Amino acid sequence: DTAVSQTPKYLVTQMGNDKSIKCEQNLGHDTMYWYKQDSKKFLKIMFSYNNKELIINETVPNRFSPKSPDKAHLNLHINSLELGDSAVYFCASSHTGGSGANVLTFGAGSRLTVL
Amino acid sequence: AQSVSQHNHHVILSEAASLELGCNYSYGGTVNLFWYVQYPGQHLQLLLKYFSGDPLVKGIKGFEAEFIKSKFSFNLRKPSVQWSDTAEYFCAVISNQAGTALIFGKGTTLSVSS
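As you go down the protein sequences, you meet chains U and W in turn.
As numbered in the working numbering, residues 1 to 115 make up the first sequence, in order.
As numbered in the working numbering, residues 1 to 114 make up the second sequence, in order.
Chain U with its partners taken away, still in its complex shape (with noise of 0.2 Å):
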């Protein structure tokens, strides 16, 4: 079993339109992550979820909207894509608390091309 799970893993869209990514994992971790990767293999923390609270928010446009509907699933949903939108996303989870906190298990990630 993938223990955090991302879909779609690739993701070819026009700019202007709306596409949605989501990640679930079946750790029985408390927090979620999203991260982008640019062409550069850059990795920038987007948002955070603990326990399907927002408790990070990065400076991220607002086009960007995380939705937790349960602790084990944080999907992210882009507005209006744009050229600059292309990148991989992973996504990430972790315990907050015990020995395994802070370390992230990152999904296959989804890479997403606006044309």
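FYI, nobody ran anything at the bench for these hints, they're computed from the structure.
Here are the computed lysine-lysine pairs in the DSS-like style, where the Cα-Cα straight-line distance is at most 30 Å:
| id | chain 1 | residue 1 | chain 2 | residue 2 |
| --- | --- | --- | --- | --- |
| 1 | U | 41 | W | 49 |
| 2 | W | 61 | U | 41 |
| 3 | U | 36 | W | 61 |
| 4 | W | 69 | U | 44 |
| 5 | W | 49 | U | 40 |
| 6 | U | 41 | W | 58 |
| 7 | W | 49 | U | 44 |
| 8 | U | 71 | W | 49 |
| 9 | W | 71 | U | 44 |
| 10 | U | 44 | W | 106 |
| 11 | U | 52 | W | 49 |
| 12 | W | 106 | U | 36 |
| 13 | U | 9 | U | 67 |
| 14 | W | 58 | U | 44 |
| 15 | W | 71 | U | 41 |
| 16 | W | 71 | U | 40 |
| 17 | W | 58 | U | 40 |
| 18 | W | 61 | U | 44 |
| 19 | W | 106 | U | 41 |
| 20 | W | 49 | U | 22 |
Because the structure is a prediction, the values reported are computed rather than measured.
Using the hints, position chain W against chain U.
What follows is chain W alone, placed relative to chain U:
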């Protein structure tokens, strides 16, 4: 605010050569430190981590890292690299304050030739 800098952007080595990748962070308080590896086309995997205790930590695949608090450094080492170590290596840091996230360095590309 926390930040992480990795000094080497691209390192090219022959098999069996020794490796050291530099990582420095800026944050005055208590931190947890990590090295992650990303093999071509794959997701990030944890190589090793430092939370407390012995500043020399050993990870998977023969990697180790040393935390030097006075230098705010957490350099990654391997005595003898293999072709299969070709990958992107990321140093990362998180403070122990609530509401902070893991911050990554810009990564070092390691290319090992056989």
